[in-house]
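Whole structure, please, built from the sequences with the hints as guidance.
This is what each chain is made of:
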Amino acid sequence: MPPQLINQSVNIVIRGSLNPAIFHPSWLASNKLIKHNEAENAQIEIVHPQVSKFRTEWLLLNVTTDRFQVATTQEPYYEPLRDLVIGIFTLLRHTPVTALGINQEFHYSIESEKKWHKIGDLLAPKSPWEGLFSTPGMLNVVMRGVRPDDYEGYILAKVEPREICGVDISVNDHYELSSVNSGNVNEAINILQKQWEESMQRGVKMANKIACLGEDE
Amino acid sequence: MNTIEALKTVSMFEPTRKPSLFDHSEWPSIPRKESLQEDLYSEVNQHSNITTHTRAVDKHGSILLNLKPIPQIIAPTLQSYPKTNFKALQKWEGFVINVFKNSFTARLKPIGIVSEGPEQEAKINMNEIDEEDQTLVEPGAVFYWSIGYLNSPSGRTRASLIRFRRLPAWTHHDLKVAEEEASKLKGLF
Numbered sequence: 105m106p107p108q109l110i111n112q113s114v115n116i117v118i119r120g121s122l123n124p125a126i127f128h129p130s131w132l133a134s135n136k137l138i139k140h141n142e143a144e145n146a147q148i149e150i151v152h153p154q155v156s157k158f159r160t161e162w163l164l165l166n167v168t169t170d171r172f173q174v175a176t177t178q179e180p181y182y183e184p185l186r187d188l189v190i191g192i193f194t195l196l197r198h199t200p201v202t203a204l205g206i207n208q209e210f211h212y213s214i215e216s217e218k219k220w221h222k223i224g225d226l227l228a229p230k231s232p233w234e235g236l237f238s239t240p241g242m243l244n245v246v247m248r249g250v251r252p253d254d255y256e257g258y259i260l261a262k263v264e265p266r267e268i269c270g271v272d273i274s275v276n277d278h279y280e281l282s283s284v285n286s287g288n289v290n291e292a293i294n295i296l297q298k299q300w301e302e303s304m305q306r307g308v309k310m311a312n313k314i315a316c317l318g319e320d321e
Numbered sequence: 129m130n131t132i133e134a135l136k137t138v139s140m141f142e143p144t145r146k147p148s149l150f151d152h153s154e155w156p157s158i159p160r161k162e163s164l165q166e167d168l169y170s171e172v173n174q175h176s177n178i179t180t181h182t183r184a185v186d187k188h189g190s191i192l193l194n195l196k197p198i199p200q201i202i203a204p205t206l207q208s209y210p211k212t213n214f215k216a217l218q219k220w221e222g223f224v225i226n227v228f229k230n231s232f233t234a235r236l237k238p239i240g241i242v243s244e245g246p247e248q249e250a251k252i253n254m255n256e257i258d259e260e261d262q263t264l265v266e267p268g269a270v271f272y273w274s275i276g277y278l279n280s281p282s283g284r285t286r287a288s289l290i291r292f293r294r295l296p297a298w299t300h301h302d303l304k305v306a307e308e309e310a311s312k313l314k315g316l317f
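Chains B and Z supply the protein sequences, listed in that same order. For the first sequence, our numbering gives the first residue as 105, with consecutive numbering after it. For the second sequence, our numbering gives the first residue as 129, with consecutive numbering after it.
No wet-lab data here; the hints were simulated from the structure. Among the clues, some could well be false.
Simulated pairs of lysine-lysine, DSSO-like, Cα-Cα distance not exceeding 30 Å [what the hints assert, rightly or not]:
1. B:Lys-222 x Z:Lys-237
2. B:Lys-298 x Z:Lys-251
3. Z:Lys-215 x B:Lys-313
4. B:Lys-262 x Z:Lys-251
5. B:Lys-309 x B:Lys-222
What follows is the structure in structure tokens.
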């Protein structure tokens, strides 16, 4: 049986200079970026000049003074999540931003311990560690690659066993924005509009390939 | 207790351990419950270059930076996936063509993992649309339609979800810029 994708989530991160205090569900609703009943039912952890965090049925928002992050585990809301970021930063067009990340996390269940160990053995061979450790085991592996397009930045993948026969794979599609000025908001919005589909498919392809490393050829 | 009162009662933020390479804030991951505090702490660290205190001092003991304490935040993590989740079998991006009294027609383009397949036209009953989203149904409006399974502790059910795209309304500034651009273009012809 091939690896089973148990859960998947998408998050978008923007680095820059931010004012967390404005990120309140009512602000999003008054600007028609989320529904009024979503704002009314939002669970607010905190809205403070240094950090804001709240969640709705499908959205988790977490903003500090230099990082904006939104996330969802609900597949029907991946594109609405992107639209929400585009909407927010269209309103906050003068925000200085420096980097954008379109990130996915996958949790797979592997059929057998043998296949699960095979993934770890391929990604982090144990033979170099013999004699140094007793029973070496992979905790996590992080690999970074050059972007396949003309944007500055990188692609980063992290693989981590969660529990027996479980593996977490994270793919970070990182874009460095040109320079520290408010024109970078337009660049970030442009990337979200043009690169979204490709980024999503790349993440799924990478995660699937890694999860299938334990399968017989 | 409101937020301001709550903030007055929290203690100084204390890190549990130093951020490690894999907790570094440069790695934009969904914060885990146990790492959210140190993630916030590493944010503070980058601004102040301090390790264990919320104040920075120079070698003469003068205070360089005095940060307000960040309240302890016990954050539910996205890693603890919700008990109910929607697994899409097919997703489309839709574009409204015509709107009628109780329905609308739309052109559908497959998106997501199963993004192959031709574009199709469909007629959708207005009852399929959430009441608040119905105000968004107009020619040219974009929506996302997912069909799949809703998994919950009580079992699995077939589900369909339509969500309309929400973008901010044109601001007065945007309209003014657009008008100026239009005037310039008009002058060329």
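Evaluated hints:
1. B:Lys-222 x Z:Lys-237: Given that 30 Å is the threshold and the Cα spacing comes to 39 Å, the pair is violated.
2. B:Lys-298 x Z:Lys-251: holds, 28 Å
3. Z:Lys-215 x B:Lys-313: With Cα atoms ~20 Å apart, Lys-215 (chain Z) and Lys-313 (chain B) stay inside 30 Å; holds.
4. B:Lys-262 x Z:Lys-251: violated, 43 Å
5. B:Lys-309 x B:Lys-222: holds, 19 Å
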